[in-house]
Every structure is written in structure tokens, then in C-alpha cells.
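Quick note: the sequence shown uses numbering that gives the first Met the number 0, first residue 0, plus one each step.
Honestly, I wouldn't trust all of these hints.
[What the hints assert, rightly or not] Here are the in silico distance ranges between beta carbons for each label pair:
1. 60 with 11: 46 to 52 angstroms
2. 61 with 41: 29 to 35 angstroms
3. 68 with 15: 23 to 29 angstroms
4. 43 with 14: 43 to 49 angstroms
5. 57 with 15: 43 to 49 angstroms
6. 64 with 29: 37 to 43 angstroms
7. 7 with 65: 27 to 33 angstroms
8. 58 with 15: 54 to 60 angstroms
In short, the hints are calculated from the structure, not lab data.
All figures in this text were calculated on a predicted structure; none of them were measured in a lab.
Ideal Cβ placement from N, Cα and C applies to all residues, glycine included.
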Amino acid sequence: MRTKLSKRGQISIPSKIRKQLSLGPNTTVEWVVEGGAAKLIPIPDDPIKAFRGSGKKGLVSKLLKERRRDRQLEDGR
């Protein structure tokens, strides 16, 4: 998709892209320039809330299972 830069240096983000990225009014974005290209990165209103739950599921149960196994090996079972 292509858009043109206005005389005031503004661009319009196509509707399809806004929907894919869940961009709405007052959404904060960060611009990053890499290798001659500009990237637009949406910044969540609450970064902590957005990060919560992003880890792999079951890590605690996996750790507990490993510790039980290690304890059994140490006890000679």
C-alpha cells in the first residue's frame, strides 16, 4: 500500500493497516528508522498490562516437576 506525505509532513495510515494493528484515535506510536526504512510501532496505553501473560504457559509447573525429580534423585529413589 502506498500513501503520500502531505505538505505538512503528515501521512494517513490506510484503514486496513489501522484495523490490523488496532490503531485508534489517540494511539501513541513510535517511529524507528532501520536500514533506510521507517517502522511504526504501536505503544500500548499500559505496557505492564500488555506484557502480562506474554510468557510461555506452564513454566511454574515445569519447574516444580523438575525440582521433584531432582529431589527424588538426591534421595536415591
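The hints, checked one at a time:
Distance hint for residue 60 and residue 11: a CB-CB separation of about 48 angstroms, consistent with the stated range 46 to 52 angstroms. Between residue 61 and residue 41 the C-beta distance comes to about 32 angstroms, which sits within the given range of 29 to 35 angstroms. Separation of residue 68 from residue 15 is about 50 angstroms and departs from the stated range, judged on CB atoms against 23 to 29 angstroms. For residue 43 and residue 14, the hinted distance range of 43 to 49 angstroms is not satisfied, since their beta carbons lie about 21 angstroms from each other.
Checked against the given bound of 43 to 49 angstroms, the beta carbons of residue 57 and residue 15, roughly 36 angstroms apart, lie outside it. The hinted window of 37 to 43 angstroms between residue 64 and residue 29 holds, with their beta carbons roughly 40 angstroms apart. For residue 7 and residue 65, the Cβ-Cβ distance of about 59 angstroms falls outside the hinted range of 27 to 33 angstroms, so the restraint is violated. Remark: the range hint 54 to 60 angstroms for residue 58 to residue 15 is contradicted by a beta-carbon distance near 36 angstroms.
Hint compliance for this structure: hints 3, 4, 5, 7, 8 are broken, all remaining hints hold.
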